[in-house]
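Enquirer: Chain residues, written in single-letter form:
4 protein chains.
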Amino acid sequence: MKVWDRFLTDRDKQVFGSAGYDAKAGFGQRPALLVIDVSYGFCGHEREPILDSVKHWRNSCGEAAWDAIPYIQKLLHAAREQRIPIFYTTGVDRRPDGFDAGGWRRKNTRSSEGETISGYGSNEIVREIAPQPEDIVIEKLKPSPFHGTPLVGYLTDLGIDTLLICGTTTGGCVRAGVIDAFSYNYYVGVVEECTFDRGEASHAINLFDMNAKYADVVSTEEAVNYMKQTAKGLHDSKIAFPASPSNTAVL
Amino acid sequence: MKVWDRFLTDRDKQVFGSAGYDAKAGFGQRPALLVIDVSYGFCGHEREPILDSVKHWRNSCGEAAWDAIPYIQKLLHAAREQRIPIFYTTGVDRRPDGFDAGGWRRKNTRSSEGETISGYGSNEIVREIAPQPEDIVIEKLKPSPFHGTPLVGYLTDLGIDTLLICGTTTGGCVRAGVIDAFSYNYYVGVVEECTFDRGEASHAINLFDMNAKYADVVSTEEAVNYMKQTAKGLHDSKIAFPASPSNTAVL
Amino acid sequence: MKVWDRFLTDRDKQVFGSAGYDAKAGFGQRPALLVIDVSYGFCGHEREPILDSVKHWRNSCGEAAWDAIPYIQKLLHAAREQRIPIFYTTGVDRRPDGFDAGGWRRKNTRSSEGETISGYGSNEIVREIAPQPEDIVIEKLKPSPFHGTPLVGYLTDLGIDTLLICGTTTGGCVRAGVIDAFSYNYYVGVVEECTFDRGEASHAINLFDMNAKYADVVSTEEAVNYMKQTAKGLHDSKIAFPASPSNTAVL
Amino acid sequence: MKVWDRFLTDRDKQVFGSAGYDAKAGFGQRPALLVIDVSYGFCGHEREPILDSVKHWRNSCGEAAWDAIPYIQKLLHAAREQRIPIFYTTGVDRRPDGFDAGGWRRKNTRSSEGETISGYGSNEIVREIAPQPEDIVIEKLKPSPFHGTPLVGYLTDLGIDTLLICGTTTGGCVRAGVIDAFSYNYYVGVVEECTFDRGEASHAINLFDMNAKYADVVSTEEAVNYMKQTAKGLHDSKIAFPASPSNTAVL
Numbered sequence: 001m002k003v004w005d006r007f008l009t010d011r012d013k014q015v016f017g018s019a020g021y022d023a024k025a026g027f028g029q030r031p032a033l034l035v036i037d038v039s040y041g042f043c044g045h046e047r048e049p050i051l052d053s054v055k056h057w058r059n060s061c062g063e064a065a066w067d068a069i070p071y072i073q074k075l076l077h078a079a080r081e082q083r084i085p086i087f088y089t090t091g092v093d094r095r096p097d098g099f100d101a102g103g104w105r106r107k108n109t110r111s112s113e114g115e116t117i118s119g120y121g122s123n124e125i126v127r128e129i130a131p132q133p134e135d136i137v138i139e140k141l142k143p144s145p146f147h148g149t150p151l152v153g154y155l156t157d158l159g160i161d162t163l164l165i166c167g168t169t170t171g172g173c174v175r176a177g178v179i180d181a182f183s184y185n186y187y188v189g190v191v192e193e194c195t196f197d198r199g200e201a202s203h204a205i206n207l208f209d210m211n212a213k214y215a216d217v218v219s220t221e222e223a224v225n226y227m228k229q230t231a232k233g234l235h236d237s238k239i240a241f242p243a244s245p246s247n248t249a250v251l
Numbered sequence: 001m002k003v004w005d006r007f008l009t010d011r012d013k014q015v016f017g018s019a020g021y022d023a024k025a026g027f028g029q030r031p032a033l034l035v036i037d038v039s040y041g042f043c044g045h046e047r048e049p050i051l052d053s054v055k056h057w058r059n060s061c062g063e064a065a066w067d068a069i070p071y072i073q074k075l076l077h078a079a080r081e082q083r084i085p086i087f088y089t090t091g092v093d094r095r096p097d098g099f100d101a102g103g104w105r106r107k108n109t110r111s112s113e114g115e116t117i118s119g120y121g122s123n124e125i126v127r128e129i130a131p132q133p134e135d136i137v138i139e140k141l142k143p144s145p146f147h148g149t150p151l152v153g154y155l156t157d158l159g160i161d162t163l164l165i166c167g168t169t170t171g172g173c174v175r176a177g178v179i180d181a182f183s184y185n186y187y188v189g190v191v192e193e194c195t196f197d198r199g200e201a202s203h204a205i206n207l208f209d210m211n212a213k214y215a216d217v218v219s220t221e222e223a224v225n226y227m228k229q230t231a232k233g234l235h236d237s238k239i240a241f242p243a244s245p246s247n248t249a250v251l
Numbered sequence: 001m002k003v004w005d006r007f008l009t010d011r012d013k014q015v016f017g018s019a020g021y022d023a024k025a026g027f028g029q030r031p032a033l034l035v036i037d038v039s040y041g042f043c044g045h046e047r048e049p050i051l052d053s054v055k056h057w058r059n060s061c062g063e064a065a066w067d068a069i070p071y072i073q074k075l076l077h078a079a080r081e082q083r084i085p086i087f088y089t090t091g092v093d094r095r096p097d098g099f100d101a102g103g104w105r106r107k108n109t110r111s112s113e114g115e116t117i118s119g120y121g122s123n124e125i126v127r128e129i130a131p132q133p134e135d136i137v138i139e140k141l142k143p144s145p146f147h148g149t150p151l152v153g154y155l156t157d158l159g160i161d162t163l164l165i166c167g168t169t170t171g172g173c174v175r176a177g178v179i180d181a182f183s184y185n186y187y188v189g190v191v192e193e194c195t196f197d198r199g200e201a202s203h204a205i206n207l208f209d210m211n212a213k214y215a216d217v218v219s220t221e222e223a224v225n226y227m228k229q230t231a232k233g234l235h236d237s238k239i240a241f242p243a244s245p246s247n248t249a250v251l
Numbered sequence: 001m002k003v004w005d006r007f008l009t010d011r012d013k014q015v016f017g018s019a020g021y022d023a024k025a026g027f028g029q030r031p032a033l034l035v036i037d038v039s040y041g042f043c044g045h046e047r048e049p050i051l052d053s054v055k056h057w058r059n060s061c062g063e064a065a066w067d068a069i070p071y072i073q074k075l076l077h078a079a080r081e082q083r084i085p086i087f088y089t090t091g092v093d094r095r096p097d098g099f100d101a102g103g104w105r106r107k108n109t110r111s112s113e114g115e116t117i118s119g120y121g122s123n124e125i126v127r128e129i130a131p132q133p134e135d136i137v138i139e140k141l142k143p144s145p146f147h148g149t150p151l152v153g154y155l156t157d158l159g160i161d162t163l164l165i166c167g168t169t170t171g172g173c174v175r176a177g178v179i180d181a182f183s184y185n186y187y188v189g190v191v192e193e194c195t196f197d198r199g200e201a202s203h204a205i206n207l208f209d210m211n212a213k214y215a216d217v218v219s220t221e222e223a224v225n226y227m228k229q230t231a232k233g234l235h236d237s238k239i240a241f242p243a244s245p246s247n248t249a250v251l
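Protein chains in written order, with UniProt numbering: chain A, 1 to 251; chain B, 1 to 251; chain C, 1 to 251; chain D, 1 to 251.
Pulled out of the complex, with its shape left as it was, chain A reads as follows (with noise of 0.2 angstroms):
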């Protein structure tokens, strides 16, 4: 039983079935982990019912977003053990005219809304899963992590063919992320307990689409599995990473 099964019709899944959709993409050989915009924006600062966290956060997922960080630091905590690259995303803090918004000005009625919530910054990523010094974050103003980013070619430096993906929303940036990843022609994974949005037919319906043509939607565990089995250290001569990883804190 699939997240997307009770969203479909049943022409959906007829259609769907007999178009050749849905096969498994399998994974490549040297993979990178990439978090999307897991910020107190979009979860909230805590734990609370989306309609709270809301308030204060308009573009918080609320309890979606809690759900899905510790399944994050069992993706994070096996990338680490492997010597991974971990991209982080995240969003820019706009200029008081908004310049830098762009479209997004138009779209939504709380835009200009400043923070409300102190000790906390709607960009800043969630401490739970905070980067570590060897990581890799790049601000983006736009929904794809590859849009106006130096990305594409940090992974060609490192001979990446793999991305695993994951964070939020659903339907926004991790969408507009898978559909680049394989329009690059990489290896796609979604990590589904780690991806959320704050939509439920959002997230069902976009993890659906994805799963048909861009991606294979993974649980928490295969991705481990799979990183597991990866070479250890590929990156070891270009990225500094630790002696022992920072996964002490974690689980």
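Derived from the structure by calculation, the hints contain no laboratory data. Don't take every hint at face value.
If chains are identical, the list can't say which one is meant, so a pair holds when it fits in one copy or spans any two.
Stated by the list, open to error - Simulated pairs of lysine to aspartate or glutamate, EDC-like, Cα-Cα distance not exceeding 20 angstroms:
no.: 1; residue 1: 238; residue 2: 97
no.: 2; residue 1: 238; residue 2: 161
no.: 3; residue 1: 13; residue 2: 48
no.: 4; residue 1: 24; residue 2: 193
no.: 5; residue 1: 232; residue 2: 52
no.: 6; residue 1: 55; residue 2: 135
no.: 7; residue 1: 232; residue 2: 200
no.: 8; residue 1: 232; residue 2: 135
no.: 9; residue 1: 2; residue 2: 200
no.: 10; residue 1: 74; residue 2: 63
no.: 11; residue 1: 74; residue 2: 5
no.: 12; residue 1: 2; residue 2: 236
no.: 13; residue 1: 55; residue 2: 10
Got chain A; can you put chains B, C and D on it based on the hints?
Expert: Frame of chain A; chains B, C and D shown alone:
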């Protein structure tokens, strides 16, 4: 009553209602029209129920495609009257070894199938809306009309600030194009009756996602009225529009 | 007498004369100014002969930089008077492990050198032409201001059709930016006295190449006169320009 | 004695000598070969002195092109023996209204000239080095082989880490391609005898610039020896190489 209402949960309606999304962005002053992938591969060679059509054409959207085509004709008619640039996209016939298919090979079990209905190319744009000599046809390998194509440069040359987007699939290439158009800061409209998908839930929820964050989903009538209000002949110095547009057989 | 004439062979002059190159392209109606990499790393912390300056600052262009700065001030002054958007680029301080340097590490034996003159950052834009709050500063890792940055989206948001480009180095980041600006179909000007390089032949021949094929190489006076003729305040709705521009200390 | 030495000033030699440039970057383990724009438009239809050839073909590089072709054959021969992917680029035949020429129209007084020598297309790759079915031919509108093309995705699909680049013009499309290849963090080689330009100073100084900062300028012999040392048949699963390469007529 929106097409997506039947797919949203009650919580979804509350969350998006309070988060500030769905604002009307409006349009600019220099539009172009972008018709995505309305080829026999995505429509089938004739109007057939989708489950019949998909036997011959694995990407077919069936009757939804043929429902959209008369509306697309109206859009094209209005654009030709105003001498607004019209961009079409379509796919590229694959190499025998499939090299240029990239990631597509991995996610569809039928991706190596050849064409079985003679007289219709899977990448041929359907004749009812055939491109005219002044139109710009962009061949693409990936979902987005921007990915690996000269589209952005063309739009800059023309000073375009608004893209009216339609075609197929809502949850595939239209979605990808809308994300990129939004990311480049164009005003973006998705013309509802002119846009279609093989999946009912995917069609509805992708329209919902795009309308919430990236684009104004509008009716054909709204799009036509908008085009009529723009200045006529803005691009006559760059594109050799015909003295009288080829609209005779339309509608 | 052009700066490049002393470097061209007689045959070069005949060939380019007959091949149709060097046409004057002219400019459009909505310019932006782009000042590339005029930082202490490329200028040195003070005016010094290049062979002295390069001891401290491996990328220094020496006196050529300091010759250009008063001209750049004139350009900035004119742009601020017209409230024309001003973009600056500069580099990013490297990670200790050099990961983000990518290919730069490979081609320069001094690329891992730290800064030796305290009080001046190698990526700090020189104070004589310091960016103002309304300006847009783009950090980049690679030669072109477009590569891996949001520049194209910003230009689209503003409806820019013309880029006046200056800075350094003529044969490095200016050249790369000009190629990309041309490729996106902007009108491109390179302002000669405002553009500099560490190499004499590179400066001259890169100006020659750009003028032949991609850009109009113009004097500061021509660029200023052009800006004065454009409509004033085109971008007031998007950028919070100050009531009176910060031009007092200039010239 | 380098080709650029006669064009550099004494100061240039001192500055670049002390600034750390010109380091040998070396190559990686998975090369591809990229042959840029060696078409009749850039070579002329037969070996002629450039001032004669340019009368018929405004972009002709004359004898320099025909000097390079036997060396390019050697490169191709070595690549085919190793089953290394070969990418060619060439231009696109223009629309009658010139819309797709974009900025090119503005900078060349002869850009609207038609072809005057029958039997040879200006964008046809010269027959002595004609692409074979397994090769990938990329049509492009702008200088760089990466701009508005699917090249990066192809390279990612193949796991390429090194580009050996040759063709024409040194100070045009080769230079643009080298900047982009460097910017994406590929190892880059420019094969000297296989690269040519219509201008003597442009050829020399662009080689100098590229060798200083972005690429290793190497001889054909070095490039061939490097290719021979790479693993053979890395891409057999993705590209249908012929059982015996079509090298018979070569050399």
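Enquirer: For every hint, state whether the structure bears it out.
Expert: Tested hints:
1. 238 with 97: Answer is between: at 7 angstroms across copies they meet the 20 angstroms cutoff, but 39 angstroms inside does not.
2. 238 with 161: both (16 angstroms within a copy, 14 angstroms between copies)
3. 13 with 48: For residue 13 and residue 48, only the inter-copy Cα distance (18 angstroms) is at most 20 angstroms; the intra-copy one is 35 angstroms.
4. 24 with 193: Within one copy, since 18 angstroms is at most 20 angstroms while 33 angstroms is not.
5. 232 with 52: So residue 232 and residue 52 fail the 20 angstroms test inside a copy (43 angstroms) and across (46 angstroms) alike.
6. 55 with 135: This pair counts as neither: shortest intra-copy Cα distance 32 angstroms, inter-copy 33 angstroms.
7. 232 with 200: Intra 37 angstroms, inter 44 angstroms, cutoff 20 angstroms: neither.
8. 232 with 135: Within one copy, since 16 angstroms is at most 20 angstroms while 35 angstroms is not.
9. 2 with 200: both (13 angstroms within a copy, 17 angstroms between copies)
10. 74 with 63: Within. Shortest intra-copy distance 18 angstroms satisfies the 20 angstroms Cα cut-off; inter-copy 46 angstroms does not.
11. 74 with 5: Cα proximity of residue 74 and residue 5: none, with 27 angstroms in one copy and 36 angstroms across.
12. 2 with 236: neither (38 angstroms within a copy, 37 angstroms between copies)
13. 55 with 10: between (37 angstroms within a copy, 18 angstroms between copies)
Violated hints, in rising order: 5, 6, 7, 11 and 12; the structure is consistent with all others.
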